[in-house]
Amino acid sequence: MDIGAPIAQSGNPTGVDRGSKLDDKIRIGMTKGWKLYDSRLAWALIAPTLLLLVVFLLLPILIMAVYTFFTFVTAGVESSALTLDNWNEFLTDSYYHGFLFKTVRVGAITAIICALLGYFPAYFIWATKFRHKWLLLLLLIVPFWISFTIRTFSWINILGEQGVINVALIRLGLISEPLPMLYTEGAVIMGLLHFLLPYMILNVYVSLEGIDRTLISAAQSMGCTSAQAFREVTLPLSLPGLAAGLLLCFVLAAGSYVTPQLLGSGRDALFGNLIYDTIMSQLNWPMGATLSIVLFVLLGCVAATYTRYMGMSQIMKGLGG
Amino acid sequence: MTTYRHDREGRWAWRLTGAITLLVYVFLFAPIVATIALSFNASMFGGFPLTGFSLQWYAKLLTNQPVLDAFRTSMWIALVTAAVTTALGVMVAFALVRFQFPGKQAFGTLVILPALVPETILGVGLLVLIKAASQPRTIWLLLMGHIMLALPYVVLVVQARMIGISRTYEEAALSLGAPRVSAFREITLPLLIPAVAAAVLLAFTISFDNTSASLFWRPAGVETMPTQILSMLKISISPEVNALGTVMILVTVGIPLVGGLILQSLTRLRKRVVEKGNA
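In the order they appear, the protein sequences are chains X and U. If you count the first sequence from 1, position 252 lands on 252 in our numbering, and the numbers rise without skipping. For any residue, its number in our numbering is found by taking its place in the second sequence, counting from 1, and adding 1000.
No lab work stands behind these hints, which were simulated from the structure alone. Just so it is clear, the structure is predicted and the values come from calculations on it, not from any experiment. Incorrect hints may have been included.
Covered by chain X, per the in silico footprint, the following chain U stretches (three or more residues, Cβ under 8 Å) [claimed, not checked]:
{"hint": "1", "region": "1028 to 1041"}
{"hint": "2", "region": "1110 to 1121"}
{"hint": "3", "region": "1251 to 1260"}
Derived pair list, reagent style DSS-like, types lysine-lysine, alpha-carbon separation capped at 30 Å [to be verified]:
{"hint": "4", "chain 1": "U", "residue 1": "LYS1060", "chain 2": "U", "residue 2": "LYS1234"}
{"hint": "5", "chain 1": "X", "residue 1": "LYS102", "chain 2": "U", "residue 2": "LYS1234"}
{"hint": "6", "chain 1": "U", "residue 1": "LYS1104", "chain 2": "X", "residue 2": "LYS35"}
{"hint": "7", "chain 1": "X", "residue 1": "LYS133", "chain 2": "U", "residue 2": "LYS1271"}
{"hint": "8", "chain 1": "U", "residue 1": "LYS1234", "chain 2": "U", "residue 2": "LYS1131"}
Cβ atoms here follow ideal geometry from the backbone N, Cα and C, with glycine treated the same way.
Start from the sequences and build out the full structure, keeping to the hints where you can.
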């Protein structure tokens, strides 16, 4: 083998050819007949993960889809006689429609408030000249490390009858009876906001970081006021991040279970709670599967509409921080 | 950094942005601070006002057998999840970044899916799966579920770093006759270490924190830390729950912070040693 040959020359202008040339040189010392970046090797690398995801993600969703056509006999028992009863019940019973509507409404309200509130910190972190900007970003990551359950129940200490707000207001003599703030839809939305704001802020921030700052200077040097520069340059260029944030917040809020459970009353239960009760308390598996598939399809449609226009990469950027 | 010309309107908007930013940060941390403060409260009720400083709730936790059991369960599940998920994630990220193969894009989407599908659905899915296969609900199901849940985040973190590592280093090693495994172990892995450490911590916390899906997956009678907290909250909020929450915050925030600091100082130390060696 001719070691002196310029194999790993960086900056080789014929980048496309490089791979194949390299292949010829590197074959020694490796499995015979395999190319350097052989797709068989890639498949070997992903095989365990693929197996895991097929068995524990795709197969269950498939089985769930089949289960929606099974017949519910009694709690915990169902027969594999195929029927449309579950779908019929879901489509005609307004009890289920109410849950669906409320879940979409709470998800949408949460996502929109997140966007309105979250844009400001994202913009601030991006534009500030503060030297320890990393600290502001770190503080946004820290909530991800704190257990979601703890972050949720901590609101009981704020909103509850013996929470900060009620105790303070009573001490100040502004109210005589504690305000019923906990176990309301407002409390549920508050808890969801608390959980989802960091997602929104990070998504918008990542998008803002991608903006070429000279564009804004250019707009201003051409006579834009700072408001115009924001409206015409910064805001439009940050919209992909905002949209990704909206999608994530909506999907996560609409799929939530713990928050309504801890901060809402029975009336504030969302679709996730309905699914949990149907399966774990009523042991009605076919109906539980039907409801799960409904939620899955609903959120899948929202996500598909989004990726159709925005692509997957924005979500991945957001998730990756 | 570019300096922007600020007109009066702009300065006003900037102040408003700063004020809202401050409010959002207060909103994010006030409940947590309140919980930590209440965990040291002497009062028997889990609420304000603060009546005195006491560590009795922490002492009580140490004798609470269900809590200790839940802690042990969560701990080992999180450790195994972190190890397995990181190994899988590094392999997947390597394949996705370095290779071209048919179905790559579809697979890339599939890997992210567990992060996007609501946990309730993933939870029901695995239960239906073992019911269809008439298998008992064991701790292994919980473990597999956690691995699946942590996988997307690990892959994304490792992938982001892998993209930044030039493949020419590995190719140089290979061209000099190194077997693939050694090239990976000696060249790629050391360059990847910060991302691997981040992935381990991330997978650990995701598993340790998981609530909704774990409620579905846990075998009868087994509690993880978050489900234990949920069942304690069923009665009402107590100072003991606040103390337990504070301990968990210390674990899940403390481990990444301390881990990050150790990693940073190790990198610095190594740099210094290398510089000395070169000098």
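Contradicted hints - numbers only | none
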